[in-house]
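Turn these sequences into a full structure, and let the hints steer you where they fit.
Now for the letters of each chain:
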Amino acid sequence: MPDLPSELTSILTANFDVPDAEISPGRSLNDLGIDSVATVELADLLQQQYRITIDDEELSTNNTVEQLIGLVAAKTDGT
Amino acid sequence: MSGHAPAAITGIGLVTPAGIDRTTNWETVRAGITTARAVDTLAGSPVEFASVVPDTFDVDRLTGRRLSRHYDRSTQLALIAAREALDEARLTPSERADARMAVVIGTAFGGVETFEENHARFLSGGPQAVNARFLPRGLVNMVAGNLSIELGATGPSMIVSTACASGATAIGIGLDLLRSGATDIVVCGGSDASVTPLHVAGFHKLRALSQGRQHPPASASRPFDAGHDGFVMAEGAAVLVLTRETDAAALGTRPYATVAGYGTTSDAYHITAPHPEGHGAATAIRDACRAAELAPEEIDHVNAHATSTPTGDVAEAEVIARTTPNAVVTSTKGVTGHTLGAAGAIEAAYTALALHTRTVPPTANLHTPCDKAGALDLVIRYARSGRFDTALSSSFGFGGHNTVLAFTCS
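Protein chains in written order, with the numbering used here: chain S, 1 to 79; chain E, 80 to 489.
Bear in mind the hints are in silico, worked out from the structure with no lab data behind them. Nothing here was measured: the structure is a model prediction, and the numbers come from that model. Each statement offered as a hint is correct.
From the structure, some residues in chain S lie toward chain E, with a derived Cβ separation under 8 Å:
| id | residue |
| --- | --- |
| 1 | Asp17 |
| 2 | Val37 |
| 3 | Val40 |
| 4 | Glu41 |
| 5 | Asp44 |
Pair ranges (Cβ atoms, derived):
| id | chain 1 | residue 1 | chain 2 | residue 2 | range |
| --- | --- | --- | --- | --- | --- |
| 6 | E | Arg175 | S | Ser60 | 30 to 40 Å |
| 7 | S | Glu58 | E | Pro206 | 12 to 22 Å |
| 8 | E | Phe201 | S | Asn15 | 18 to 28 Å |
| 9 | E | Asp119 | S | Asp3 | 38 to 48 Å |
| 10 | E | Arg286 | S | Glu22 | 49 to 59 Å |
Note that beta-carbon positions come from the ideal geometry of N, C-alpha and C, so glycine has one too.
Structure follows, in structure tokens:
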């Protein structure tokens, strides 16, 4: 797997206008200004890009960046 | 504010084919410069030209990328127009926060570009392919909802939809809200961005559009001209800021004009055709004059609905000649094309600017008046200067909606 954390950082900055400097492992999507609608968009983007399936309850605005990385890592490792 | 007090127009914002700000709009309209041209996205459509907002409308630069991703084009146009209007009304953020500000926007179509895009995704990719922003962008109310969010307007906010009279009806409802005491400031106007292949196909099917066969696209929109053969699709937005005249005076702003009253009626006759004797239109004109405490003979200027369709232009010409015989008449749709639900608001803005600058712009592409229009004092080729104290702006829509706004000099 290439550098997943930096890939996800790029997705957040490019699609949701989150400044690079604001992204850190312990911050939640909500902290980064990614609201409930944007979280659905994010899930769609991740599913397309990594060819994975993310169920509704697996990703919410309360998830931290670290949890997001873990979720995608777990799903991509399995493929 | 009494039941009949006029409202001061303290700000005007315009994003139309004639320009993306008020000053450019007025220069273009006053000079009668036409705007229709081939549109790439209409390639393969039965009509491949329209009047669209110039490419200088760079929405990412004007609103920021986040907003452009979140909002349908119809909201983007309205938001930029609203910001221009409010900037001019010179309300500080705290004044805005303290005032009860209403948002009333007319739209015939709502977020149809978003709707069409998501429907295409749905058909090709199934339910999962629909974007999470589909409904927040596309719902018909969201132009008003999003404006209230962006402007911090905490008073009533709503959409009114009366087809091609929507923008005018919104200003009328805004006037009512101000007069009722429900609000202190009204941000009102209209917006539509429906120049899409689907909507062009729909109007074409009704034989409503000029196909540019008799005249090239730039001169296809020719209201009241004997060579008129249909309207030209267009998009745009206009927003007016209305306040009580006493509040405008307290802020030290000189209003462009006042909205003195309006009349609104229904033909109760046919889905698309105007009443042959113009009953509904004539009654709306008389009601608007009565509400403004003006005699119809006193009206100095009429900005007509006249869209360049043979049926509509002739019926309206007859009504104007009969009801407001002394008016200097123009249709600015020769320049802008027909901006549909935005038209009533855009033309209200032009009417206020005509009173303010004492100049009535010409009807672009008008050379030989059509049947019944010979009786009108039409402004042809060059703008007309003079003293204009009173004016009407008429708007009519499918379904038989008629709304006429009355303006006086401030």
